[in-house]
Each structure stands twice: as C-alpha cells, then as structure tokens.
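Asks: Listed below are the residues making up each chain.
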Amino acid sequence: MTETVSNSDRGSGQGTGRGTASLGFLGRALGHRSFMIGLLLTGAMIISALVSLVWTPHSPTEIVIAERLKLPSASHWFGTDQFGRDILSMIMAGAQTSIVVGLIAVSLGAVLGVSLGLWAAARRGWTEDVIMRLSDLNLAFPVILIAILLTAGWGPGIINAILALGIYNISVFARQVRGAGIAMWEREFVLAARAAGKGNLAITIEHVLPNIISIIVVQATISFAIAILAEAALSYLGVGSQPPNPSWGRMLSESQSYIFLAPIIAVWPGLAIVLSVLGLNLIGDGLRDLVDPRLARRR
Amino acid sequence: MNGPVLNAPEDSEAVLRVEGLQRHFTLPRESLFRAPETVYALNGVDLSIRRGRSLGVVGESGCGKSTLARLCMALDTPTAGRVEILGQDLARLPAREMRRARAQFQMVFQDPYGSLDPRHTVRRIVGETMDALVPGNGNSNGKSGRSIEREEAVGLAIDAVGLRANDLDKYPHEFSGGQRQRIAIARALVTRPSLIVADEPVSALDVSVQAQVLNLMQELQQDFGVTYMLISHDLGVVDYVCDEVAVMYLGRIVERASRRQLFAKPAHPYTQALFDAVPRIGAGRRRRTTLPGNVGSQTRQAAGCAFADRCPKAQSRCTGEAPELRKIDNGHMASCHFA
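As given, the protein sequences belong to chains A and B, one line each in that order.
Once you know that position 25 of the first sequence is 715 in the numbering used here, the rest is easy, because the numbers rise by one and skip nothing.
Once you know that position 164 of the second sequence is 206 in the numbering used here, the rest is easy, because the numbers rise by one and skip nothing.
Derived by calculation from the structure, the hints in this document are not laboratory data.
Don't be surprised by glycine CBs; every beta carbon is placed ideally from N, CA and C.
Incorrect hints may appear among the rest.
[As the list claims (entries may be wrong)] Quick partial rundown of chain A residues pointing at chain B, CB under 7 Å, derived from the structure:
id	residue
1	746
2	873
3	875
4	878
5	884
6	886
7	887
8	901
Input sequences plus hints: build the corresponding full structure.
Replies: This is the structure in structure tokens:
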C-alpha cells in the first residue's frame, strides 16, 4: 500500500511513517492532522470551561447598563451584550453548561442505547421487536416535547433538559448499534466464535462491540454536538438552563433581538458552538481511524 | 484429553456419524392467505467417517452441503435425525458439556477474509478455541498456569501450519489469503480435535495457493490424525485430499463410494454429469453432455427421484418411485434405479 511511498511525498501530514507497528496509539494520534485540530478545538472548549470555574475577565452575570452593547475593546475582548455583561466571560462560563449537558446526555444515551442495541442484535425475535418498537415510540416524541413533559412534572431546569436529551439519545444509539450489530452477527467470524464454544454474551463483548466501536464513537461525537445545539434550543424556550446561568444557546437567541443594532454579539456564541461542534466531529473521525487496526498501520 | 465427556473410541469406530438428518427452513410468510413456504435443505442424510479418514462432500450450490456442515458443527439444530461425534449425540449434550465437547470438532470456513475477526490478533484468534477448554480465561493477558498452557498450544498450532511466532501479534489484514487460511486452520487445530469440517476451504484462494493449503491439510492429517469432512464443489480438490466421496443433490446423498471407485466408475447419472462438466486440458472441442434446466425446486418435494427432471436416463418409473440409496458394489452406494 502506502509503504512504498515515502512520507515526505505525502502532503497530508497524516503519514507518521512505515514501521508504525511499533508506534503507540499516542504516536499515531500525533500524526493524524484532523484529529489534532479536533483535539485543539475541543481542548480550548474544555480549558475555557475549567478556567472559568476559578477565573473570568469579568463576572459573567454582572450587569453594567452603562457598558451595554460595546464593541470589542481592551477591557472587553469580545465586547458586551445588551445588559453590559462581558461576552468573553459568558462564553467561558457557557462552555461549562455545554460540556455538562453534552457529556451527561450522551453518556446516558450511549450506555443504555448501546446495551439495548447489542441485546436486540444478539437476541433478535421478540426481544428485538419490543426494544425497537419502544425506541420508535421514543423517537416519535421530539426532544422538545420530552423536555416540556419533564418540565411540566418537575419544573424547568438544566437537569430536565439533560434527561430529555439523554432519553432521546437512547433510541438514537439503540438503532445505530442494532443495525450495525446485526450485520456483525452475519459475519463468519461470529460463526467461528460459536464453533469455539462462545456464548452470545462473550461474542457480543469480544467480537460485535469492538467491530462497531467506531460507529459508536462517531455517533457519540455527533450526538454531543447535537446536544449542544439542542440545549441552545431548549434554553431559548425556557425549559433549558435558566438565567442568569450562562448558556451559548440562550446568548444566541437573545442576541437575535439586537441583530441589526449589534450583530457582533451573535457572532461569539455562534462561533463557540460551531467550533466546538467541529472539534468534536474531527475527534470522532480521527478516533474512528485510530482505533481501526486496518487503518492504523497504513497511516 | 479432556475428561470424561468424549472418550477416544477404537480406531475402527466412526468419528462422525449422521443418521436421517433433515433440516427444513421456513421462509418468511409472503402472503397472508398462503402458508409460508418451506425450504427442504436436507432430506435425510446418512453418513459416517472413520477416524483418520477424509470424506469429501460434493455437489452444486444449494444442494445442502453447507447446511450439513453447520449441523455437524452444532451451529444449527436439525429438524429431524441426529449427529453423533465420537458416539455422543450432539442434541443430547447439556450446554456446558457442549462447550467442552467443541474442542473435539472444529471448522474451517470458506472465506478467510470473513472468518477472522479483523480486530483480533492472530494470538487471540487462534487462542479463542482454547477458551472452551480453559474456561474463565477469555483474555490472553491472564497470567495463570492455564494461560501458559494456552500460549503453548497456540504456539504449536501456529508452527504446525507454517507461520512464524512473530506473526502472533499481527492482525489478519497483514496476511495474504493463503496465510489467512493457515491461521484459520491453526485455530481449528489448536485444541487437537478429532474432526475438522472444512467448508470449501480453498475455493476462495488462488489456484497456486490452493495446492499449498491442501498439502498442509494432508500433512496435518498425518501428524495429528485428524478426520476431515471436506465440503467442495471442486472434484479436483476432493480427488486430491479425500479417501471417500459423497455426492449430494437437493439435500440427499445420491452416491457414496471410495475415491477410487467413484472416479473410475461413477454410477449415478448426476455424478456422471458432474464429471462431464469438469473442464479438461486437451479435451478439445468435444461436446459435453450438459444437464438441461436448473437445480430443482428446494421448496417442493418430488414424489419420485429428485433428479428425474434433469436426468438423461429418466423413465416413467423415476417420477413415481424414489430410489433408495443402495449398495451397487463393495463400498459403493448409489440411489438410482438404473445404477
């Protein structure tokens, strides 16, 4: 394959060279350009969230009416919003909300959804029918509706938004994993494992799951990105994170009223969302390559 | 070798015995008002293989060869009939004993690209079969005495098939088709089974590599005393490896004989047609007798001989009366009224 092409000839920057068999995961990751860009973007989001826990340039909730709708300056790098709050500080603190929502909603969906999907693929028959019809039922309810239902029961708040997204994600993962899992069960190496006396659980853990992990990883990063966007939508509707707790989604929707007066205040949360979503997607793509032994040694 | 589950029988005893084996599949219902159709994949197969011998099973696609292989490997449950390995009825073995019994019968699959998990190293692939013998040791990183035993067995098997020890940590995609099939054979061999069922083991390989793999299988038979059931559509492969041959047509064995007898004097018209269909170098433009029509329907069972509608010798008797598989010579059986 590419072994015959010397590395300097390949402009992609992804070729960490032949003989990468000895190279660890870390070494291969460092040579994967888009993965590193993704790591950089996502790292920036995580670091700003962490830093905001102890320090922000200004308080993200302090209202200074005299300073409202200011353009970027030395004291307010990203400018100020309609209440005179420092946008940079709000973006940093808003990263916390996004990460918490994304992480919990995706973990909840992934853990339960993957288990159910694998179970459906392994058992088939009525087990599969029950799981998949329940999943269809769940998908028939939009996230927003689930969130509103939860809000009606327990009042508005970020927890309900997370739960709503998590419940929705269960079906998303279950469907993906079931489909990919069934395809794996048709493969001959599964038959070989059965000939070796492996039971359904062992085959699922040792053969099916490792072969579909890339699909799960990619789905997780996409779901994380969707969760960030959905949190924005839910916050806009008042069923997500509550003011004054900063949230990129609410910043974006609030800036909408000032779009002609001060368009720049919509740019910052928009950019934050786009870059973190992009970063997560690049990481997902990169991980898919890096965890695949077939691709691992070619890059 | 592994306790009381399956004791090695006398040399003359059959390693594999199949009696009246049937397997019917119900197709998904197509119409609300008609009963779902049934595919008659196997319609009563009897055979046995003695220790250290190899039986070739030939027949065209869809004749039930692979179904037979799966049933012999207990990967599927028969509709009727039974499969005995080393005198043990597979259907009667409890699940736990079945796991251990599997060490005695292993399989080599047709497609060496699909039968090896791309995410596992050779060490893990070959060692997987050992897990049945060594329970509770799913991973190769265990450091117990059992895993040493496992390591040794894997090393021996990989050596026996002509791969090197430093191949153990490679992944399947790093090997050629022939080498992959060697890995698959090592996996089947690692528990020192009595029986290996090989389902078209070389048909996915280049002709030049086929001979290497077949030679390897023969060597292993001499070294380890394995019994083979070799499923193939290629008469050349069967001629090369097997002592006995069974010819299948539509889920039945239509002829059974030693290799020499069958290749010298094929008795069943279907077998004769199979031989006639083999392309030969130097045969010139001699016109071959080809069979009219396609393989008969698998969803209907004929009252008479299943081959009657394509048979050049068919007469009225054939469509009304099914021929029994009967002895026509010493060790030569055929199911044809005119054999």
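Asks: With reference to the structure, classify each hint as holding or not holding.
Replies: Results of checking the hints against the structure:
no. : hint : in the structure
1   : 746  : violated (45 Å)
2   : 873  : violated (12 Å)
3   : 875  : violated (13 Å)
4   : 878  : holds (4 Å)
5   : 884  : holds (6 Å)
6   : 886  : holds (4 Å)
7   : 887  : holds (3 Å)
8   : 901  : holds (6 Å)
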